[in-house]
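**Q** What follows is each chain in one-letter form.
Protein chains: 2
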Amino acid sequence: MLKPSGQSVSTTSRRVFRGVMKDLEDGRMVPGQRLAETDLATRFGVGRNAVREAMQHLAARGVIDLSRHRSPTIRLLDPAETMEVLDVAEVMTALATRTAAERFDPPGHGDLLTSTMDMLAEADRIDEPGMFSRARRHFYRALLSIGGNRELQRLFPAIGMHIIYAQYQTRQLRGIRLKDYRTIIGVVARRDLAAAEQAGRAHVDTVRDIIRARLELQQTEECRCARTPIRPDFCHTTSSIRRP
Amino acid sequence: MLKPSGQSVSTTSRRVFRGVMKDLEDGRMVPGQRLAETDLATRFGVGRNAVREAMQHLAARGVIDLSRHRSPTIRLLDPAETMEVLDVAEVMTALATRTAAERFDPPGHGDLLTSTMDMLAEADRIDEPGMFSRARRHFYRALLSIGGNRELQRLFPAIGMHIIYAQYQTRQLRGIRLKDYRTIIGVVARRDLAAAEQAGRAHVDTVRDIIRARLELQQTEECRCARTPIRPDFCHTTSSIRRP
DNA sequence: TGGAACATATTTGTAGAACAATCAAATGGA
DNA sequence: TCCATTTGATTGTTCTACAAATATGTTCCA
Numbered sequence: 060m061l062k063p064s065g066q067s068v069s070t071t072s073r074r075v076f077r078g079v080m081k082d083l084e085d086g087r088m089v090p091g092q093r094l095a096e097t098d099l100a101t102r103f104g105v106g107r108n109a110v111r112e113a114m115q116h117l118a119a120r121g122v123i124d125l126s127r128h129r130s131p132t133i134r135l136l137d138p139a140e141t142m143e144v145l146d147v148a149e150v151m152t153a154l155a156t157r158t159a160a161e162r163f164d165p166p167g168h169g170d171l172l173t174s175t176m177d178m179l180a181e182a183d184r185i186d187e188p189g190m191f192s193r194a195r196r197h198f199y200r201a202l203l204s205i206g207g208n209r210e211l212q213r214l215f216p217a218i219g220m221h222i223i224y225a226q227y228q229t230r231q232l233r234g235i236r237l238k239d240y241r242t243i244i245g246v247v248a249r250r251d252l253a254a255a256e257q258a259g260r261a262h263v264d265t266v267r268d269i270i271r272a273r274l275e276l277q278q279t280e281e282c283r284c285a286r287t288p289i290r291p292d293f294c295h296t297t298s299s300i301r302r303p
Numbered sequence: 060m061l062k063p064s065g066q067s068v069s070t071t072s073r074r075v076f077r078g079v080m081k082d083l084e085d086g087r088m089v090p091g092q093r094l095a096e097t098d099l100a101t102r103f104g105v106g107r108n109a110v111r112e113a114m115q116h117l118a119a120r121g122v123i124d125l126s127r128h129r130s131p132t133i134r135l136l137d138p139a140e141t142m143e144v145l146d147v148a149e150v151m152t153a154l155a156t157r158t159a160a161e162r163f164d165p166p167g168h169g170d171l172l173t174s175t176m177d178m179l180a181e182a183d184r185i186d187e188p189g190m191f192s193r194a195r196r197h198f199y200r201a202l203l204s205i206g207g208n209r210e211l212q213r214l215f216p217a218i219g220m221h222i223i224y225a226q227y228q229t230r231q232l233r234g235i236r237l238k239d240y241r242t243i244i245g246v247v248a249r250r251d252l253a254a255a256e257q258a259g260r261a262h263v264d265t266v267r268d269i270i271r272a273r274l275e276l277q278q279t280e281e282c283r284c285a286r287t288p289i290r291p292d293f294c295h296t297t298s299s300i301r302r303p
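If you read the protein sequences in the order shown, they are chains A and B. Numbered as in our numbering, the first sequence ends at 303 without a single skipped number. Numbered as in our numbering, the second sequence ends at 303 without a single skipped number.
If you're looking for bench data, these hints aren't it; they were derived computationally from the structure. Given the structure is predicted, the values throughout are model-derived calculations rather than measurements. Careful, some of the hints might be misleading.
Said to hold, decoys possible - The calculated label-pair distances, taken between Cβ atoms and stated as ranges, are: (1) A:Gly245 / B:Ile185: 53 to 59 Å; (2) A:Thr173 / B:Asp186: 55 to 61 Å; (3) A:Thr173 / B:Gly245: 48 to 54 Å.
Just so it is clear, CB atoms sit at the ideal spot from N, CA and C, and this is done for glycine as well.
Full structure from sequences and hints, please.
**A** Right, here's the structure in full:
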């Protein structure tokens, strides 16, 4: 039920797809980075075809950019496009939270929410890199699952939030997210449609404000921190993935 | 400007992708139909690899369903999922119309709207099958172009409306769409944000009501018209595309 | 030294062969 | 008629091969 039909197939290209997504989530790949197909093939132990299929999937999902005779690059958002992504995320999140509140059914969905809550608490206590990402994903999957809208389940993960997560990763954002997620869980459990929609919208709005502030700060003082906006030519050669 | 970055590449798999989309739009392929990869390869004069890449792209876009060791099938919406698609379409369309109204700039966008208007009028007069589909696509592209939100330009065509167009094609719907599109163009040109958002929402709402009515009608009297809900096993064999 | 022009190496784009794994239909027996 | 087996067709996957384009490196000239 959590897996949309198209996702459940377990093929080789799927493995590459997931691998790249996971690498992006865990910070092993960063926006702007090039992905040479032979490198990926050896890295995941598959043929070039499988890699190319995965690239098509990733491109359709907005994770990478393709251009002829160039290595695919992980999408890098300029400030304007970052805001555009957030505008889309706002209405989609609002729909997700409202639908979840509308369809929330304690007997079926109760422990799903409590387990999500637990996972968020765990992520708050323990300070492990991948932990928070997993909790966040779990939260949204639970939300979408409760809502039961299959088209939303399909499209929501296609919003460019993955890129934003990778590009603007700060502790400040993480803390705010945790708080907002708890609020959302609360209003969904109360089945308060209006409050749920508002909470979803407000969350994205908060994230937007923080990112905007950071972008403006960054524009004035030209200091580039370790993890934020990486230039497209960050990796000068196409073979950008080092083998272990 | 009309083309998102990922779309502009012109490769062989891209040709297959476009070909399938066009076949769907023109009614040469219908929801539920199977797409054997060797058939597609010969039909488009390309290798199997290219077809498989295109299938990954189409699957990511929600145009086809993939399952292991089965020919891909064009997505077929049951009544519930049809409504779910429309729920997503509603908020996305509302965002599109509002953003267009917000960013509308007569000097730059004026003749884009008039040309769209002309095309819609043309489609209304002449009764050619592909004509209306082209006009509709032109309308939405213009809307998204005016709004300028690149993420929305990328995600909007990924909504399952293509399938709905193919599955619920009636003259009644066409007429209503034409009228609604003109209304939307009007309020966008007036830069009335609230009215634009409302018009977008109302349009999808109207479409939903009509489809719902048809589905209920269909449920009572079990008559299946020529073009509507085709069963998944419509094509009994996998080689469903006949060569000319 | 700086840069332009060329030559070479690397990478992508594409087709096709080959084979295993799996599914769907046809066949044949009870 | 119904079930089991076989057969045929289709997909999943890797490899090879080569053309086309890009990236890199080197040479040469001002």
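**Q** Each hint: holds or not?
**A** Structure-based check of each hint:
1. Between glycine 245 (chain A) and isoleucine 185 (chain B) the CB atoms are about 56 Å apart, so this pair conforms to the stated range of 53 to 59 Å.
2. Distance hint check for threonine 173 (chain A) and aspartate 186 (chain B): the Cβ-Cβ separation is about 58 Å, which falls inside the suggested range of 55 to 61 Å.
3. In this structure the hint that threonine 173 (chain A) and glycine 245 (chain B) lie 48 to 54 Å apart at CB holds, the actual value being about 50 Å.
Every hint from the earlier list agrees with this structure, and none is contradicted.
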